[in-house]
Amino acid sequence: MHAEAHDHPVRLSSSDDLRRSRLTVFFRLLLAIPHLIWLLLWGLAVFLMAIANWLATLLGGTSPSSLHEFIARYIRYETHVAAYVSLTANPFPGFTGEPGSYPIDVEFAPPAIQNRWKTGFRLILAIPALILNSAMSGGSSGGGGRSGSGGGSVGLLWVSAFLGWWAALFTGRMPEQLRDANLYALRYGAQTGSYLLLITERYPDADPELPPVPGQLRPHPITVSVEEDLRRSRLTVFFRLLLTIPHFVWLTLWSIVALFAAVGSWFVTLFRGTAPDPLHRFLARFLRYSTHVYAYVTLVTNPFPGFTGLEGYPLDVQFAPPERQNRWKTGFRIVLVVPALFLSGGVWGVLLTVAIFGWFTGLFVARMPRDLMRAGAYAFRYTAQVNSYLFLLTDRYPDATPRISE
Amino acid sequence: MSVPLRRALALAAFAVLAVLWVLAATRLWRTKVPSDLKLPHLQASSYFTPAYLRRASSYERFLRIDFVLAQIALIAALVGYALRGERLMRESAAGRVGTGLLLGMLGLAIVWIAQLPFGLAEVWWERRHGVSHQGYLSWAFESFFSLGGEFLFICLTIAIVMGFAGLLGNRWWIAGVPALVGVAVLIAFISPFLVGQVHAARDPALRADARQLARVEGVGHLKVEVEDVHRFTTAPNAEAVGLGPTRRVILWDTLLGGRFPRREVRVVLAHEIGHIAHDHIWRGLAWLVLFGLPVGFLIAMATRGRGGLYEPRAVPLALLAFVVLQLVVSPAQNATTRRMEAEADWSALRATHDPAAARSAFQRLARTSHADPDPPGWWQALTGDHPTIMQRIEMVEAYARRQAAAG
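Protein chains in written order, with my numbering: chain C, 56 to 461; chain A, 738 to 1144.
Chain A with its partners taken away, still in its complex shape (with noise of 0.2 Å):
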């Protein structure tokens, strides 16, 4: 086959790649918000006090600012690593895979080093604002010795890429990206194991709520389930977790024993179902296809270099090119998350019907956790997966206004 035939084919190959992409992706934006529901735009200062709106927005803007220059350490030490890491391949007898995990890993150690210290600062910001009691010690053992973990799932990672490096060579991302999103399946099918200090929840009307809400919903038989996290802080949560047979709801219990009014309660609770009801995790799972494949493609272009996968000198710069083009992909991938959460809030008002407690739900959440309610867009695009509140809000005054005009 001529060159310039080769080259026609990979491009139709492209553009047929790239046509189904757009497709799939289109399919997987859609949700069941109401296509016509407009926003009414609204003040924060209408929902927070002003001295509440200060407070927030100077807490946030210390965690921003922590934010940016971790960001900014964990792209010099990985440029350093990409540069330097070749050198700790002789720290290894484990042959070419087994050296591509072993400084796969040590880059992970490296960038936990880099981060340790906008990690205690963070820590540090939290206690002093009453949201975390966390030690300082403790935070730092806990996050070495989650580091296993990470260890382990890079290994896996790192495994399967360079074995299909050694079969298909720069085209591993081809296989590769499916055999890592089927382990990602495989991880959300037992997530609900791997939470700790977990319990049914034992409350009776908790639990009633929870059957008429999946009933309601139409998700039938749900376990609600109530992880102890008050010793570490008091920011509340919730979420969805599991597939299948495993699936359930996690509510924290910063949120129960009267932290946070029955009707609230119902909210989150409602919400949660409401991501089980949409598929929000296999709708995740398939956005991270959607994701990892030009992903994958562009992490082999970026190694090809140092010899593509197949090689494991190639790991290190592999690791930058990765967390490089996640800080790139971030806005687009959290889009698609506040999409998902906003129709589990949409979800939750239409199972509820109660504006008024989705409303004092979201002003809660705001202030326990100290969220600023009306964050700057671009930290919002980097790092919001859910809509700001203020956002949440108009969402629950758009509801508001279509049931009375309903009547």
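Next up, chain C with everything else stripped away, as it sits in the complex (with noise of 0.2 Å):
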């Protein structure tokens, strides 16, 4: 975890307990309705303030103090409306933003001075932040986007929230995993809001782990690790979808292969209650090679990679050994991945937004940013192990955490 993020000047906390009501799951849409409403009133206002706290911080070099108050309140109302919709929280928000008054907060620097040509151009420099925020947290824009007014992408955060409500309706309570990932677009989603709306000159920060995502990440047999070189060559940037082609064409080929193994696979451990040795690495490699692929394509990763699969790209997958599985589980596997794969659909939406930004940065100016490489690291980490899990590489769930190893 690089330095500069402990310190950004807006910070996401957590106190969740993880308990919902079933009652107010179920109708927790409905219930959110006065607030969605109280924003959207609110929000008239605070375009209104956004413009008068635009030109006197471009004048006077910091946000007036009042302003910054009034716009930092609506960033933490929209964060508690947009926790409580998504389940990220359990209790009914208030209708003021009060800090602290929410089990998930938001915390704001003072004002401090800003750099007038930031602030002058604000509105086109946070146009990336807000189509990444879009891609997490659906909507279009980081503001009303959040609490899903906005239109547009579903983003990671609604799918889920989705798969969330149907847990906590069933088992009263938020799986970790699903809410650490909501705390992870929520973050982004404040500090973009934050961002745009003057509240701070720093831009906002996509790292996944980030507080208040959690220290560890629990052990899984399917691992990643990545070597965090962030040097870019600017030609293979700019060619890099051509460049992929080939290595498309031969995954094309060896995903053909590797269904029909996954279907032996899946009769020999449905009846073994383990999956073969030979199919298990052959596949374990088959995920191995097609994570190095769309790593590159995607630009997290700067070198080339092989058409084997072998190990020792800078972004890499281990898989442990086969072990034992359990054949209910490996009976049912193409359902019970379903929820991880609709997960997987939000976090690549993620993946494509790095991956675009990645582009242009990369290009202009011959690296990758940080930030956008660890969270497109985590959409890897998370896709290989619901792949492996439906390959039958493991019965172990994929987790959602928005961590990238352990």
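Do not rely on the hints blindly, as some may be mistaken.
Claimed, not checked - Label-pair restraints from in silico Cβ distances:
| # | chain 1 | residue 1 | chain 2 | residue 2 | range |
| --- | --- | --- | --- | --- | --- |
| 1 | C | L407 | A | S875 | 45 to 53 Å |
| 2 | C | K384 | A | F882 | 39 to 47 Å |
| 3 | A | E879 | C | I179 | 24 to 32 Å |
Calculated from the structure, these hints are not laboratory results.
Using N, Cα and C, we set each Cβ at its ideal position, and we do this for glycine too.
Build the complex: two chains, separate frames, hints provided.
Okay, structure coming up:
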């Protein structure tokens, strides 16, 4: 975790205990209606205040404390509402955005001097963060989008909320990993809103491992290791999609064989209780190769990968040897994997955005932003676990906690 | 075995190969055009107005300058790549062959960048003269994405070459060139399915003409398709593609819909059927073997200093060597294709017995694409894969005289 991240002026905190009331979960969206209306009205006022704040910050170099407080309170309230609707927290939030009043809370540093150039062009500078936020939290902006009123993409937050709704309805608890994935999206959303509305000039940080996400990932047979080489070759960045075409052809051919291998492995695992070693190794190698290829095309890594799926690539997947698998879980694997595939779709939305901005950044500064690279690595870690689950390399369910490694 | 004996054996093998090469080339050089056919020397001004000749000359002058500058930029870019491309090996974690593939693709990428301004200039010129309707961005995107197909092709080529280099060392070309020609055969076989925006010919008259001409030229059943290109260009064109069961004639729609009279379309159709009747695609592939073997050998020699094509770092140099050799060989290669085109012209004249239509078709073909009917010799040698328009008209006149003499 880099030092800068700890002192971001906009920090999310969580004291959520994962318990959920089934009754309020069932009616959650309807219960939130008054909040959504109030959010809309408050948002109109914030729109005007934001213009005033922009002019004041441009002229005075710092956001006036009254405007800062008003807008910060709005962002906090919006986060409370988004947390409530997305089941990231249980209690019905207050209507004032009071600090410390809700289990999921946002802390803001006091107003600080802001660069006038960055202030002047804030709306343009915020566009990449707004788009990434849209991939994380759905909607089309860092503001209304998080509460689901902005329309546009669904986003990681709402896919996770949808899955969490079912889990909470049946068990009375929000799965911890889904809650943590939501926290990641909410933190990024709060930072994006704060950047756009001039609460801070610090750019939002997409690193998934920043607080309040827990410090450790639960042990899992499928792990990912990442070398943080952020250098990118402009030439290969420009032609990245085309350079990957031979890999896509090879991957397609390999996928056909892998599909048959997976079916074979399913039958054997169902009868024997353990995946056959040769098929396990073959499928592991296939999944490792596919991770290398996608990491390359999305610019999460720099070097051109090999065609054999051997270990040693900057973003690599490690697979534990075959272990005993529950026959029920094996038999119904194709059904059981569906929720994880849904969430994987949300994670890939983030990854796609990472790839697009990584392409532009790589082309101009020959570097991949660290936080984008780490957001991509998280997507690959989760996807590798989902695919491993699907291809019977493990019966351990994929872990959506926004962390890269244990 | 002693060194002098080995040298003598190598020399003898080389001599045998050279003799076989010459025999095969002589066989392939032969065409059905009568060897005693004397082409009359005609003046372009007898067939085209002075205004047209001036316009065509000016139009092609720009394209020639653009071509020459593009070739200079190409060689310069590849020289730079051959000298410094090795550095890009650090961008790969793909092992020996994989790194070779990356360097091959990056070489093409650099070539694309170097050629882009010249390509755009050509589009500008063609748009200015109404030959092309394509937008600059559309052209750039199309050329960028078609680079993907080129990347695939070069990957396949390098994988074959480096694979054989792993087995045979610097003698990879002995097996590599035939293997590559095998790939070319496969591509020729599937090429009809790679052409976009194609549909079967719907005009009953066109289909009837195709059936009749195919019968006359001894081809049997033949598919005739139409490619929709009129949105991008006004230039007319046609091609014979495919092998065996996939063979067919594709006509650009810029020839049809009343743009060319039926008699002239018949000539074009008969010309393309002539290519099929005389197995020109197979003969082209045979020429590819004949040119490919010495070119492969010379590339192997050129890359020896970098460890040969076993080593990925030799790939940038191999690309440069290939492009230079191709430029050197192109006059000879073009001469072979011109022979086949002349044979197809002759076949069309014999099938249609309509020299007047052939003459006016060539005149119209020239006018619609602003072609210089009698370009400079160096240009024709370097880029002319068809006889010049005047040479084609001369053949028509020679045929007409023969026809008249025969009564």
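Here is what the structure says about each hint:
no.	hint	result
1	C:L407 to A:S875: 45 to 53 Å	violated (25 Å)
2	C:K384 to A:F882: 39 to 47 Å	holds (44 Å)
3	A:E879 to C:I179: 24 to 32 Å	holds (31 Å)
Of the hints listed earlier, the one the structure fails to meet is number 1.
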